[in-house]
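2 protein chains.
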Amino acid sequence: MDFVAPHLSDLNPSPRLLLGPGPSMVPPRVLSSMATPLVGHLDPDFLRILADVRRLLQYTFQTKNELTLAISGTGTAGMEAALCNLIEPGDRVLACIQGFFGQRLAELASRHGATVQTLEVPWGQVFDPERIRSALRASPAKLVTLVHAETSTGACQPEIEAIARFVHEAGALLILDVVTSLGGLPVSIDAWDVDVAYSASQKGLSAPPGLAPLTVGPRALQAIQRRSRPPVFYLDLLELQRYWGDPPAYHHTAPISSFYALREALRLVAEEGLPARHQRHLENAERLWNGLEDLGLEMLVPRHLRLPTLSTPRLPSGVEDALLRRRLLDEFGIEIAGGFGPLAGKIWRIGLMGHSSRRENVVLLLAALRELLARS
Amino acid sequence: MDFVAPHLSDLNPSPRLLLGPGPSMVPPRVLSSMATPLVGHLDPDFLRILADVRRLLQYTFQTKNELTLAISGTGTAGMEAALCNLIEPGDRVLACIQGFFGQRLAELASRHGATVQTLEVPWGQVFDPERIRSALRASPAKLVTLVHAETSTGACQPEIEAIARFVHEAGALLILDVVTSLGGLPVSIDAWDVDVAYSASQKGLSAPPGLAPLTVGPRALQAIQRRSRPPVFYLDLLELQRYWGDPPAYHHTAPISSFYALREALRLVAEEGLPARHQRHLENAERLWNGLEDLGLEMLVPRHLRLPTLSTPRLPSGVEDALLRRRLLDEFGIEIAGGFGPLAGKIWRIGLMGHSSRRENVVLLLAALRELLARS
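So the sequence lines, in the order shown, correspond to chains X and R.
If you read the first sequence in the working numbering, its first letter stands for residue 34, the second for the next number, and so on.
If you read the second sequence in the working numbering, its first letter stands for residue 34, the second for the next number, and so on.
Read the hints as simulated data drawn from the structure, not as lab findings.
All C-beta atoms, glycine included, are put in the ideal place defined by N, C-alpha and C.
Do not rely on the hints blindly, as some may be mistaken.
[Unchecked claim] Counterexamples of contact, computed for chain R against chain X with all Cβ distances above 12 angstroms: (1) S47; (2) P173; (3) E319; (4) K379; (5) S409.
[Stated by the list, open to error] Derived coverage of chain X by chain R (criterion: at least 3 residues anywhere in the stretch with Cβ under 8 angstroms from a Cβ of chain R; other residues may be distant): (6) 66-74; (7) 100-114; (8) 224-237.
[To be verified] Listed below are several chain R residues computed to face chain X (Cβ distance under 7 angstroms; list not exhaustive): (9) R144; (10) H285; (11) E364.
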């Protein structure tokens, strides 16, 4: 034995109020569920838990899609699963880019062998559906990728239903990123007629990160069934469909405890009810927006396009981004995030998602910001 | 709102003694760690946790490899990460197959575009290193895939050091699956000179499933750095290396709670010490083997090749596999597993891994089996 065993201290992470772009605060009932002793991943009890998660996700996504499940990975794995199950080398993809995650969809589509055409708006803006319609008329595609709630900018893409109609008129499929919207603002997969949507467990749903809810509509399922098997086994949706089947066909070992947590988090969504939950998110976001304006901060995104889950004030001039956020963390235990790419150093990203969307959190954050801004 | 919110019962899975091929029993300290409130995934506290996990994994793998981390997915994601970072289309892979997981490595290599040559032994047997040497002399390869502890058969491949030497003599790299060995029997990545090894959190380490420890040696790292970026972003090891760097570059949102649990599980490994832990696994396995023989059961694998983590008795004649396992689960709360593929209905797979490897578990299982066999 050449290696000495390290002896490390007890786990003792600092208490944090999570008001960044995720993870959000995890409610006590969900935290407790993670400490529940495990059953096996093929145990009849676990199969019932998977069935419950599917049913709760169908409610949360507002869909009847049978192929609704959670990928055993984070939101990034959900994004990659959506892409790699539909793209065959040479397929044409129209990637609509309003920020970092739209850009990432384009990059991943390209990695998986697609010929990617991009359509861009400046970060913080959104698309006029007619622009997507025209782009598809000029140059048809098999897939269109779009972000509903752009985590890098705080902007919410409206008129998804119209966009989906134009995409389908052009014979294409719509992949929609609802990572930062699901559980925090209305997402209606069936009413909007979205073909594939994916999200993450740790934002509007307030479970810990580690699972990616995903739903596949009938057009997309047919496209997946028609093609040859995708190269990525771990994210292969037809394999996962069988694993979530009854009886299940072994694929991988599901992260049992994470599913306990997701089930509990989704039960909380169902108990609150989506309309009440959306209203709570909106009210707390409005409190935050008004408070930030009182502090003299301008918002990047006009009010009618703002995400209630993620607010993006511009930094006041003369404020050092990293220093202020570090003080917020060290002195108040509050996490918020900075900007990405062209918005680095220019905006903050403040999340009020799921269990983080509480009036007292808004009040505390505004008071802390007031004090720190007065000092800087 | 067209969809009615489902109202489901409290989470209340049945109490289980997990003696299958994983997940194993999770110790109370690890379960409690999962309920710890979360910090952000870029929080300085979380970066220290990642650094701790790396250090603890280096000890557990017995390696100095800097690129040692845990993939944010299950063991299957670890397997796919090992393959997809090294395989470029047309690369030649020699897949050594002693059972289901060796076969899966061959299939995944082929999915990722490799030209795969297979070398097989009957399920339950292992390779003579000379056979691998000869195969590589007859037909060179870039990669050799091998399973150390074959979860489908209970056989342990000996002489990994000699095999690694032959692989390197032939200019190839060795990928070793240590999913069912790490934490339960000696695994010495540096002494054996293995190029890439991966495992899973839920077997010998007794954390919940959801993370895949993985280590990459210098030869493999060079090969990964030389190639063009792999198609799979989520499992891209150079991206993950940067995410685990200081400062970290955003890649995905790590499953915070699962890392709390893995850190605690690895601390328990370090506190017990690998030699004592291996000895415990061996002693409890020997108790089980002797007890199974007393019950008149034959073992599939000869004693000197048996895994202490996973024992595979043949079913006595006249016993109905599924019925007996169902009774074991329903009447005693004990999970064991049946056989796969050619061994379906012919063997049981009994895991004594990590926290499941306890004398009282062996005694209880043997008593329960004695009663159920007498009835059947």
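The hints, checked one at a time:
1. Remark: the non-interface label on S47/R conflicts with the geometry, its nearest Cβ contact in chain X lying 5 angstroms away (cut-off 12 angstroms).
2. The Cβ of P173/R sits about 24 angstroms from the closest Cβ of chain X, beyond the 12 angstroms cut-off, so the non-interface label holds.
3. For E319/R, the shortest C-beta to C-beta distance to chain X comes to about 22 angstroms, beyond the 12 angstroms cut-off, and the non-interface label holds.
4. The claim that K379/R is not at the interface with chain X holds, since no C-beta of that chain comes within 12 angstroms of its own (minimum 17 angstroms).
5. Its beta-carbon lying about 21 angstroms from the closest one in chain X, S409/R satisfies the requirement of being farther than 12 angstroms from that chain.
6. A count of 9 residues in the region 66-74 of chain X with a Cβ less than 8 angstroms from any Cβ of chain R is obtained; the coverage claim is therefore met, three being the minimum.
7. Counting residues of the region 100-114 of chain X whose CB falls under 8 angstroms from any CB of chain R gives 7; the rule of at least 3 is met.
8. Remark: the region 224-237 of chain X is confirmed as covered by chain R, as 3 of its residues place a Cβ nearer than 8 angstroms to a Cβ of that chain, reaching the required three.
9. At a threshold of 7 angstroms, the smallest CB-CB gap from R144/R to chain X is about 5 angstroms, leaving the interface hint in force.
10. For H285/R, the shortest C-beta to C-beta distance to chain X is roughly 4 angstroms, which falls under 7 angstroms, so the interface hint holds.
11. Interface hint at E364/R: violated, since its Cβ lies 14 angstroms from the closest Cβ of chain X, which is beyond the 7 angstroms cut-off.
Violation of the numbered hints given earlier is confined to hints 1 and 11; the remaining hints are satisfied by the structure.
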